[in-house]
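Enquirer: Please put together the full structure from these sequences, using the hints given.
Number of protein chains: 2
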Amino acid sequence: MATQQRPENYYDIVIVGAGPVGLMLSTCLARWGYKIKHIDNRAEPTPTGRADGIQPRSLDLLRNMGLKSAIMAHKPARVYEVAFWDPPKRGKGIVRTGTWASCPSFIDARYPFTTLLHQGLIERVFIADLEKNGVQVQRPWTIKGFTSDEKANPEYPVEVRLEHVDGTSSETVRAKYLFGGEGARSFIRDQLKIGITHKDPIAYVWGVMDGVVKTDFPDIKMKCTIHSEHGSIMVIPRENNMVRLYIQIASSTDADFNPRKTSTAEEVQATAKRILQPYSIEWERVEWYSVYPIGQGIADKYTLDHRVFLGGDSCHTHSPKAGQGMNTAFLDALNLAWKIHAVEAGFAQRKLLETYEPERKEVAETLLSFDNKYAKLFSQRPPAAADVEAATSSAAPDEGENAFVKTFKESCSFTSGYGVFYRANDVNWSPSHPAQSRAFLPPTPRLAPGRLLPNATVTRVTDANVVHLEQEVPLNGSFRLFVFAGNTPDNRALADLAAGMARKSSFYASFARPDADTISHHEKHNPHSRFFTVCTVFAKPRAAVEVARDVPPLLARYLDHVYADDVWDRQVPDARASAHAKMGLDAERGGVVVVRPDGYVGAVVRLEEGGATVEALNEYFGSFVTRRLGGEGGKL
Amino acid sequence: MATQQRPENYYDIVIVGAGPVGLMLSTCLARWGYKIKHIDNRAEPTPTGRADGIQPRSLDLLRNMGLKSAIMAHKPARVYEVAFWDPPKRGKGIVRTGTWASCPSFIDARYPFTTLLHQGLIERVFIADLEKNGVQVQRPWTIKGFTSDEKANPEYPVEVRLEHVDGTSSETVRAKYLFGGEGARSFIRDQLKIGITHKDPIAYVWGVMDGVVKTDFPDIKMKCTIHSEHGSIMVIPRENNMVRLYIQIASSTDADFNPRKTSTAEEVQATAKRILQPYSIEWERVEWYSVYPIGQGIADKYTLDHRVFLGGDSCHTHSPKAGQGMNTAFLDALNLAWKIHAVEAGFAQRKLLETYEPERKEVAETLLSFDNKYAKLFSQRPPAAADVEAATSSAAPDEGENAFVKTFKESCSFTSGYGVFYRANDVNWSPSHPAQSRAFLPPTPRLAPGRLLPNATVTRVTDANVVHLEQEVPLNGSFRLFVFAGNTPDNRALADLAAGMARKSSFYASFARPDADTISHHEKHNPHSRFFTVCTVFAKPRAAVEVARDVPPLLARYLDHVYADDVWDRQVPDARASAHAKMGLDAERGGVVVVRPDGYVGAVVRLEEGGATVEALNEYFGSFVTRRLGGEGGKL
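Those sequence lines, one after another, are chains Z and V.
1 is the number of the first residue of the first sequence in full-length UniProt numbering; add one for each residue after it.
1 is the number of the first residue of the second sequence in full-length UniProt numbering; add one for each residue after it.
Hints are computed from structural coordinates only; laboratory data are not their basis.
Careful: at least some of the hints might be erroneous.
Sample of chain Z residues at the chain V side, in silico, Cβ under 8 Å [stated by the list, open to error]:
{"#": "1", "residue": "Tyr80"}
{"#": "2", "residue": "Thr99"}
{"#": "3", "residue": "Lys214"}
{"#": "4", "residue": "Met222"}
Listed below are the simulated BS3-like cross-link pairs for lysine-lysine, each with C-alpha atoms no more than 25 Å apart in a straight line [as the list claims (entries may be wrong)]:
{"#": "5", "chain 1": "V", "residue 1": "Lys151", "chain 2": "V", "residue 2": "Lys35"}
{"#": "6", "chain 1": "Z", "residue 1": "Lys68", "chain 2": "V", "residue 2": "Lys75"}
{"#": "7", "chain 1": "Z", "residue 1": "Lys75", "chain 2": "V", "residue 2": "Lys68"}
{"#": "8", "chain 1": "Z", "residue 1": "Lys524", "chain 2": "V", "residue 2": "Lys214"}
For every residue, glycine included, the Cβ atom is placed at its ideal position computed from N, Cα and C.
Expert: Written out as structure tokens, the structure is:
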């Protein structure tokens with residue numbers, strides 16, 4: 001993928017900042033073969049403190065990258081429930097007034113908990129992976145300036161001046177892209193004169209303390225929000241017997257509000273002791289303590305020219321209490337990574353990059369509104385037990401529910417990561433998409449473009465392994481074509497799909513690998529095209545699937561991606577074919593689901609006899625790829 | 001644990017052989033603080049070939065040791081199903097005539113598959129763990145001789161002469177124990193003049209070949225038994241696209257049988273090609289090829305003096321095809337390890353060591369009978385589809401079933417490891433045990449002394465984590481006391497249990513740690529006694545368990561081991577408290593389950609108000625521990 005024979009100081013991308021957003025971007029692009037200059041102005045990874053919450057869907061993502069076990073090897077804390085503590089109706093002190101699930105069962109999560117681990121350990125997992133792919137983060141180096149001029153140099157429009165933080169050495173490099181993942185005080189954002197819009201005049205000063213404590217407070221290993229007459233605290237458990245306490249020190253609603261107000265560790269500990277009465281708490285060790293003002297701000301632009309991009313905290317700042325910072329950073333980076341790859345590898349038109357800002361900025365806006373709402377929820381009294389029960393029931397949100405239950409369900413969906421979605425555009429089909437084939441299936445609550453592919457468990461035919469379908473294609477930068485083949489006697493529609501895909505100008509055949517003849521027969525994911533991995537799922541028992549008979553050779557070449565939809569699922573207990581049912585697809589006729597490289601559905605198409613299925617796919621991909629598709633006997 | 005101030009060449013144990021049995025023993029004892037001399041006559045771990053099958057229950061064990069993720073990081077093959085291929089009714093070649101689950105759903109396995117990974121990689125996982133505990137395997141060294149004389153030296157009765165394999169250096173060491181895990185050609189067994197009894201005059205010569213192949217045989221990633229007019233093969237998938245083929249070269253039933261018959265790799269490949277017709281097979285690479293005669297033999301004794309012990313292949317040899325060798329070796333070692341620990345740490349009387357041979361020899365006998373039966377099963381035609389369906393149904397074996405179904409179910413139970421059991425003795429209570437309290441609960445099909453504790457999923461109260469109960473106590477050498485507390489309004493029986501355990505001469509208080517005052521409050525598993533970890537499981541929802549109110553302080557000290565039995569389980573879908581139900585315990589009254597350090601149930605006792613529960617436990621432990629128990633207001 002990397003351009004050959006370029007000068008040594010030419011890179012595909014310069015990435016500034018090795019926090020979560022920079023590392024995720026770097027790790028993806030390094031795996032996909034790009035040449036990266038990655039710098040960070042810190043001498044080493046985050047030593048203590050900072051972000052630490054990995055939400056359920058982010059854990060899926062880390063697993064898809066093969067990084068989950070390295071994270072879990074550190075034995076992070078897992079938060080399954082949130083407990084509420086308040087003053088009792090009579091008397092002093094605090095009592096537990098309720099609990100709720102942090103990821104209730106109506107969210108069909110593989111890992112229904114928040115994983116809490118020190119950011120530095122998470123960074124090191126990424127750094128180790130980068131090093132396997134030949135990328136070293138250059139430290140402590142900083143960016144001193146940059147220019148971007150596509151006219152002067154259409155291929156490498158960006159020039160970046162870098163310097164060792166002590167000024168002893170410097171270098172100037174050229175790149176196709178520059179990425180600013182420097183955090184809230186972004187030099188790149190400042191240079192671009194991109195403003196920050198504060199969503200709300202309210203601002204807070206928070207204290208945060210990580211440490212090992214001795215306490216008889218019973219919920220010290222749970223996430224807790226504690227309100228007392230002496231103030232409020234949030235408790236977050238951590239790895240290695242540690243606990244994080246968030247203590248609000250000042251709010252702009254205070255009469256004497258001062259965003260520079262501070263507080264010593266001792267003062268905060270004394271406050272915590274008062275709040276936790278009648279329970280005792282003593283610190284055996286304080287690992288990290290910090291005070292910081294928080295405003296809810298969002299960058300006006302994420303890019304000006306689609307060459308210099310921003311992501312992560314450079315674009316959005318908010319309260320850390322909901323544990324969203326790192327997760328949002330991961331998704332900013334992933335969203336940009338696959339789009340850069342699609343463009344630079346020659347698959348997508350450059351305009352695909354224009355979807356980065358609207359997709360990710362809207363998620364940030366949602367996050368900020370959520371953060372605001374969440375703060376209010378936590379300053380209110382806890383809800384009645386019946387409401388909590390209704391809120392955690394397995395039904396998805398519906399219109400008839402009361403406002404609290406609805407807000408809770410939506411919040412849980414959003415904070416778990418499963419509820420993050422993208423609006424209609426070229427890659428997220430909708431009825432107003434340029435592709436107007438009648439073969440597109442309209443969005444449903446189960447399966448909709450812009451939303452994640454639902455999780456589903458199936459049996460791999462070739463080795464009878466029971467597997468998680470959504471994890472079967474690794475994060476390889478390819479679109480994932482899930483062909484739900486249903487269960488018809490003759491597999492006619494499947495044969496027609498394969499025949500259509502084999503036509504020279506199809507979305508699939510147009511992007512055949514040039515090295516097709518030299519590819520090992522062990523290649524599982526990209527034997528034919530670098531841009532597609534194809535999975536075929538039959539709605540019948542594994543033993544009834546006969547690959548030689550049922551699967552056309554084009555699809556059978558992805559032998560490790562032929563599945564039987566024959567595993568019972570508690571979410572759809574009566575379904576004959578759970579995966580089909582979870583997608584809302586007919587167990588007889590099936591359907592084709594296009595999934596973007598980041599796991600979000602792109603389009604859903606009927607699986608029909610004749611040419612309509614492939615024509616619809618040609619139309620869909622035709623709206624953003626570099627080749628003209630279809631036209632050989634199809635409608636185009 | 002290790003005796004202080006002993007001469008440098010004095011060890012707790014000398015272990016000869018660093019295959020699965022030696023490494024498991026060494027790893028356990030190293031973790032529990034023993035001083036080990038471990039030698040192996042090979043210059044490095046197994047480079048290729050040998051055993052490679054980890055059965056479901058062994059994977060549980062590895063997880064309990066914290067070694068599972070290191071194993072799984074190698075991406076081993078997983079066998080979920082076995083396929084049968086035979087000549088078609090008409091015509092030539094082979095056809096698939098059936099499949100069955102390798103670990104059917106009637107076995108409640110956490111990991112219902114066989115894990116296949118090269119033995120050398122597995123050895124390295126153990127070796128890395130050993131090194132963390134300061135033990136290095138000394139290579140290539142061999143044993144030249146030994147004596148054992150308890151009269152001459154009661155504490156260190158064994159003297160062992162060791163030598164570098166090239167004879168350049170040697171040393172003589174003293175030890176409390178000597179263990180022979182040297183494989184089938186055991187020097188130690190020979191020196192002890194312990195004979196091998198061959199169960200059956202039949203012997204075989206097998207060829208085994210590991211390699212990477214190119215084939216259109218559709219089940220190459222499954223375990224297969226293939227019978228054809230040209231001979232028989234067993235296919236076992238391996239990691240890294242490898243496959244193992246077992247080919248029978250000769251059998252003592254052949255007219256010209258010669259146990260030294262051999263065959264070249266090329267001859268075996270040619271045979272395999274003929275057998276697999278009409279499918280093609282080519283080898284891209286052969287990693288390992290070996291021919292070996294197999295007899296089903298068992299050592300007459302595993303020890304003569306309970307100081308010099310044998311285990312693993314030194315004691316039993318059989319066909320490798322059922323993938324039992326490594327698993328049996330693991331369990332030999334584990335069985336011996338905890339007993340040596342119990343004796344040397346001052347908990348159990350020395351006679352506990354006398355249970356090693358009968359427990360493990362009977363399992364080996366069962367294995368040999370199974371191996372014999374298995375060989376016959378595989379040489380027969382496959383069963384009818386209806387039989388296979390009946391055999392894989394979720395019901396446990398019952399009397400009314402036909403012989404095939406019954407054999408199949410028993411075989412699956414045994415080979416998965418879940419069906420391995422030990423007969424009644426001092427540690428496995430039965431009605432004929434010296435402890436005769438009426439509080440003992442009789443064995444049931446769900447829960448019986450000598451059998452594994454059933455798997456059960458529960459919620460940990462302190463942090464609301466959903467956990468696997470059977471994994472909650474790590475392999476720490478301690479007895480596990482599972483107090484199923486049921487759900488009574490006043491927890492009276494629980495309070496009486498705690499009061500009884502607190503009495504000075506109870507089984508529990510008698511073995512209080514001498515360093516009790518200096519133990520960190522973070523100590524989760526052994527805060528009071530090195531010999532017990534105590535878990536308390538309530539049959540009510542987590543939110544209804546209030547530790548301060550419901551759990552007596554003695555039990556609440558194990559705060560991380562207080563659970564709520566509130567997780568739905570598909571095996572007992574209608575149960576209100578699944579874990580209680582899976583144990584066959586009353587959801588109201590509960591019961592106390594003593595589990596040996598190796599995960600096998602020792603005794604089950606009613607949980608009753610008054611002193612009877614603790615009295616029964618005092619009687620049970622009193623039969624094999626070093627202290628006189630009970631007698632303060634109890635019956636003893």
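Enquirer: Looking at the structure, which of the earlier hints fail to hold?
Expert: Violated hints: none; all satisfied.
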